[in-house]
Amino acid sequence: MESKNAVLVTIVAERLLRDRLTEKIRALGAKGFTLTEVQGEGTRGVHAHEFQGPSVKIETLVRAEVADQIVEAISKYFEHHAVIVYLSEARVVRAKKFGS
Amino acid sequence: MESKNAVLVTIVAERLLRDRLTEKIRALGAKGFTLTEVQGEGTRGVHAHEFQGPSVKIETLVRAEVADQIVEAISKYFEHHAVIVYLSEARVVRAKKFGS
Amino acid sequence: MESKNAVLVTIVAERLLRDRLTEKIRALGAKGFTLTEVQGEGTRGVHAHEFQGPSVKIETLVRAEVADQIVEAISKYFEHHAVIVYLSEARVVRAKKFGS
Amino acid sequence: MSPTEILATNILSPVVLAFGLGVAATLLRSDLEFPEPLYQSLSIYLLLAIGLKGGAALSVTPLGDVLVPAGVTLGLGLLTPLTAYAFLIAVLRMDRINAGALAAHYGSVSAVTFLAAVTFGEATGDVSEGFMPALVALLEVPAIVVGLLLARGAHARPGEGEGSGSWAAALHEVVTGKSIFLLVGGVALGWVAGKERMAPVDPFFVAGFQGALTLFLLEMGLVAARRLRDLREAGLLLVAFGTFVPFAHGVLGVWAGGLAGLSIGGAAVLGTMVASASYIAAPAAVRIALPEAKPSLYLTASLGITFPFNLILGIPVYFALARILGG
Amino acid sequence: MSPTEILATNILSPVVLAFGLGVAATLLRSDLEFPEPLYQSLSIYLLLAIGLKGGAALSVTPLGDVLVPAGVTLGLGLLTPLTAYAFLIAVLRMDRINAGALAAHYGSVSAVTFLAAVTFGEATGDVSEGFMPALVALLEVPAIVVGLLLARGAHARPGEGEGSGSWAAALHEVVTGKSIFLLVGGVALGWVAGKERMAPVDPFFVAGFQGALTLFLLEMGLVAARRLRDLREAGLLLVAFGTFVPFAHGVLGVWAGGLAGLSIGGAAVLGTMVASASYIAAPAAVRIALPEAKPSLYLTASLGITFPFNLILGIPVYFALARILGG
Amino acid sequence: MSPTEILATNILSPVVLAFGLGVAATLLRSDLEFPEPLYQSLSIYLLLAIGLKGGAALSVTPLGDVLVPAGVTLGLGLLTPLTAYAFLIAVLRMDRINAGALAAHYGSVSAVTFLAAVTFGEATGDVSEGFMPALVALLEVPAIVVGLLLARGAHARPGEGEGSGSWAAALHEVVTGKSIFLLVGGVALGWVAGKERMAPVDPFFVAGFQGALTLFLLEMGLVAARRLRDLREAGLLLVAFGTFVPFAHGVLGVWAGGLAGLSIGGAAVLGTMVASASYIAAPAAVRIALPEAKPSLYLTASLGITFPFNLILGIPVYFALARILGG
Ligand SMILES: Nc1ncnc2c1ncn2[C@@H]1O[C@H](COP(=O)(O)O)[C@@H](O)[C@H]1O
Ligand SMILES: Nc1ncnc2c1ncn2[C@@H]1O[C@H](COP(=O)(O)O)[C@@H](O)[C@H]1O
Ligand SMILES: Nc1ncnc2c1ncn2[C@@H]1O[C@H](COP(=O)(O)O)[C@@H](O)[C@H]1O
Ligand code: NA
Ligand code: NA
Ligand code: NA
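Protein chains in written order, with the working numbering: chain A, 313 to 412; chain B, 313 to 412; chain C, 313 to 412; chain D, 162 to 488; chain E, 162 to 488; chain F, 162 to 488.
Hints may contain errors.
Computed list of lysine-lysine pairs in DSSO-like fashion (alpha-carbon distance at most 30 Å, straight line) [unchecked claim]: (1) C:Lys316 x A:Lys409; (2) B:Lys343 x B:Lys409; (3) C:Lys388 x B:Lys409; (4) B:Lys388 x D:Lys455; (5) C:Lys388 x B:Lys343; (6) B:Lys316 x C:Lys408; (7) C:Lys409 x A:Lys388; (8) C:Lys336 x E:Lys455; (9) B:Lys408 x A:Lys316; (10) B:Lys336 x A:Lys408; (11) C:Lys409 x A:Lys336; (12) C:Lys336 x A:Lys408; (13) B:Lys408 x B:Lys343; (14) B:Lys409 x C:Lys336; (15) B:Lys316 x C:Lys343; (16) D:Lys455 x A:Lys409; (17) B:Lys409 x F:Lys455; (18) A:Lys388 x E:Lys455; (19) F:Lys455 x B:Lys408; (20) A:Lys409 x A:Lys388; (21) A:Lys343 x D:Lys455; (22) C:Lys409 x B:Lys316; (23) A:Lys316 x B:Lys336; (24) A:Lys316 x C:Lys316; (25) B:Lys316 x C:Lys316; (26) B:Lys336 x C:Lys316; (27) B:Lys336 x A:Lys409; (28) C:Lys388 x B:Lys316; (29) B:Lys316 x A:Lys316; (30) A:Lys343 x B:Lys336.
Computed beta-carbon distance windows for the label pairs [claimed, not checked]: (31) E:Gly232 x D:Glu283: 36 to 44 Å; (32) C:Asp331 x D:Ile172: 51 to 59 Å; (33) F:Leu224 x C:Gln351: 44 to 52 Å.
Don't read these hints as lab results, they were simulated from the structure.
Ideal Cβ positions, reconstructed from N, Cα and C, are used throughout, including at glycine.
Whole structure, please, built from the sequences with the hints as guidance.
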């Protein structure tokens, strides 16, 4: 099967952002996402899971433009929330499924 | 330590495919895999976890040819099952361990 | 936002190494990490989770030099422990946050 | 008891109220959610507990008393998938794959609905036979097989990517699937050990049972309410099927239970079993054997329509009916 | 009982000892840890169980007996965030955002501290009114709202990246947040079902309760001890706030409870409620409405300072006080 | 009771049947599996509950009655690793690292096997002393240390990548490892609180215990059966070791228990403790101190061979023996 490039956007955030972030990425054109419960440690040291439950890792395969918009949208939360986002390359089949 | 390239194959699938997929990738030459329980949303919207338990994410480091065969094998499930697969580059030490 | 390259180091290890590994990567300059509980199968076939609980996947975004040092440090465990490590490319914003 | 009293007794029971509470949580968009392992642990506990209770009861029941009810139950397990299937093909003009999938669900049993009926009987004094749980196992398996046969007959080509394995895999799932295994295994364990040896585990499996069931129904409410969204797409015809067919099955079950010589409570519980639609064992097996069938269809029907219908309306009606026929 | 006896009764209770055991585990760097779902499941169980118990009691209590205590509780819920806020601004010179965040916590209630007080009362014979859990719900909500208002008043600009949604979202969280929903929902369920219909679930929710609470406090010890590290940074002033203000609130609560006509046990439990600081409902709401407030600050104060303080010292003192005032 | 009756009583107990059910599930390739957190939660509950029970009993036992049994237990904890080690070196010609690893396991205790023995005694009327759980803690720790010393003596070079830390880390794990911490902590808690203060938590920790244990053994069956595969590779010699040595240890334990003045039940339970092989505390410590030892070896032996052997055959035999020696 011939495969195409897509961008894998990975977001790790404290749980309370979960629904806001998934709605956001859907609104920006992501066709789906995979959510994993994780624990983490960063520079902020918010041990949010004690009252929020575990943090969430949200992974979504999208095309480049969408990826940049997601990063843009999430950067709004950088100042006050425990959240990071990073991009990596991925090759997918059924590129349409991921909006490429 | 000198490192070599390997391909990281990531599969996200509804739980009932778990054993079939792990057996398949082993048969195709994967030397191992890492399995994570995840939740997800896609275009199909099978909320399978209600009766199957959480979906599974299967990650396996293999060499390029094996990676393509795995994608080939999994594409059989695209039509009717909740499953996606994508490839990304990784650098490993002990390349032998991963069949490279 | 302008983004920079970082290296994503992924470690999968039997649980008892968890604290040793997280301390190690912090000592080597990682600014944070994300930890996921996983199951796995490899060439060693230590079903450690029966007495240790699930294995752990540790992901940390660092700059290239740190990544290599982490691989170096972890290779000490290759002989006798259930552990793997691999590197992949990632693009991050707020490069400082990840020591780049 | 007057009809209204019977309805009240049901709606005001902790079990039904907990279900309502769960629905409310979802509708109010509360962030209440059960950790997945709690849901799984409660099902394991409940299924095993039912089995153990039924097995222990079986160990002190003369085989003769069970044979006829068992035979009748088996018969209903073979018949009801056919009636459901016929209705779907004739009235809903549904394709045979999805019709077979639904037939498997409506022939089979919902363990929780069964438990709600037993609980209701205890509250109203119409206690059912102790061996009823053993009949659940009898009713669950054949119905699923019949449903799959109805669909597969229409569909020589094996499930994609699974070769002929899929059919075998489905049968294997039907018989060794966790819910059926726990139920049957529990019956066997309780029956072999016997009522007396089971006494030390009663505080855990018997005394704690009602509370655990209440907690589980809270979660069921959360899950079922999420299905309500899908109801719109599902359409009125599916709602009609999900209420009318179970009701018809329920009446049939109560009547057959009476003929089989079951007590009023027993007949009503059997009616509820027949009326209920599986949403654990059946979906798992159907997803394996009929991947092309729409899960949203059978899950919405059994979980979003039929489960609440039986829980709130069906059960008290089946009991009232059993009294009329039985007394 | 002599003061020392009262202290002993408290410290030697399984609940407090379990907390100590948890602290010890963390200090000894034991690898003991509770799986996250167990922690979540125990909270769901405990909160629902309190609610059910309170609701069932409410169903057999003449409304008249509850009105005055309810009014007084409501008043305390509006007052105590103000006193906490004033203290933080005046004495600790804290910025208004963090002061408001802490005020929300100290006005609200810690369900576990409440339970420890009820348990202590049962051990010493000063049993509290059965409807006290209903008051917990009353005390929890308004205090959080007042705390947020105090901070937001100082801060027109809405929380980053959430637009005006954040304020609404926070209110929504306060009312439908899982801990409050389970508590209020449990009260409603128990009250609607009534004491008699709740009987079958008692073995699960009532008999098992003390043990589950003990297990939960073991985990609380693990969690609280992890906060001790942060104490150093927190500094003496925060420790002073985390002990003095709760104590003052406790005295106020005991006194007001007496005036409201509560029994000695009831007054002491009300005092404990007022003295306690929320570490589930409040943090969740505050994190949403005031993301710029420091979680390490309010979690360390409520979980690392005030919770142990009330558990070990506060509760017996509030009971002793209630006896002096009440007897 | 005739030997066959004794065997029957054991095999037909819910606990043993549940283990068999778990084995069956694995052999039938059922998809039944316990969520990891349920397994962890049940172990936490069981270990803490044993400890609390033992501690509460200790609080009402004159110290004099415990001293001799305690001393004997300690002695057995130092001796049995040596006998196991000698057997492995002499008969199996095993390298000293793996021999030491296994010695640590066979000197130590399997809490679940201990519980099965206590349960069996209650079923047959040979009730054991209430303070037995305290002896479990005594037997567990020293044996592991001796086992590690035997291996380490052969092996100056510290564990890879851990520097000299590994040895200290292992000792730390032995003493603060979760299973031992819960057991010892539970004993301490129950002993300090005293029997009377523990009464309110009894419904949770005592009444529910047998059922929880049954559920846990179902999971143990699932896990142990997975080990059967590895048996082939393990070979007959390991099977011989995993049955003969425990049996010898068991006989020794029963005899020594009698000398120590324990009741028939007590002696049989002590025998079972000595005969059993740890599969939680020991593997964790061994994996840290002896990473080069083969986990498949010690887990297969203790979990796949010795655990079922003691559960099904050993326990009734140790009780029969205790009767012959004791009566
Ligand atoms: N360098 C990093 N590598 C991987 N994950 C990180 C890193 N820094 C932060 N995280 C994750 O992002 C979450 C929030 O980080 P922070 O906002 O820095 O506290 C943490 O809990 C981690 O899960
Ligand atoms: N664009 C996407 N990015 C990440 N994960 C996805 C994406 N689409 C689907 N998935 C995952 O694949 C599963 C099946 O997708 P689907 O077959 O589209 O329902 C979903 O449950 C998600 O976990
Ligand atoms: N080829 C692979 N791809 C992905 N994960 C692997 C692979 N090999 C090993 N692992 C992971 O690393 C752990 C230890 O591997 P091993 O030391 O080979 O037993 C396994 O439990 C897996 O989770
Ligand atoms: Na049915
Ligand atoms: Na308060
Ligand atoms: Na031993």
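Quiz item: Which hint numbers does the structure go against, in order from smallest to largest?
Solution: The structure breaks hints 12, 26; every other hint is satisfied.
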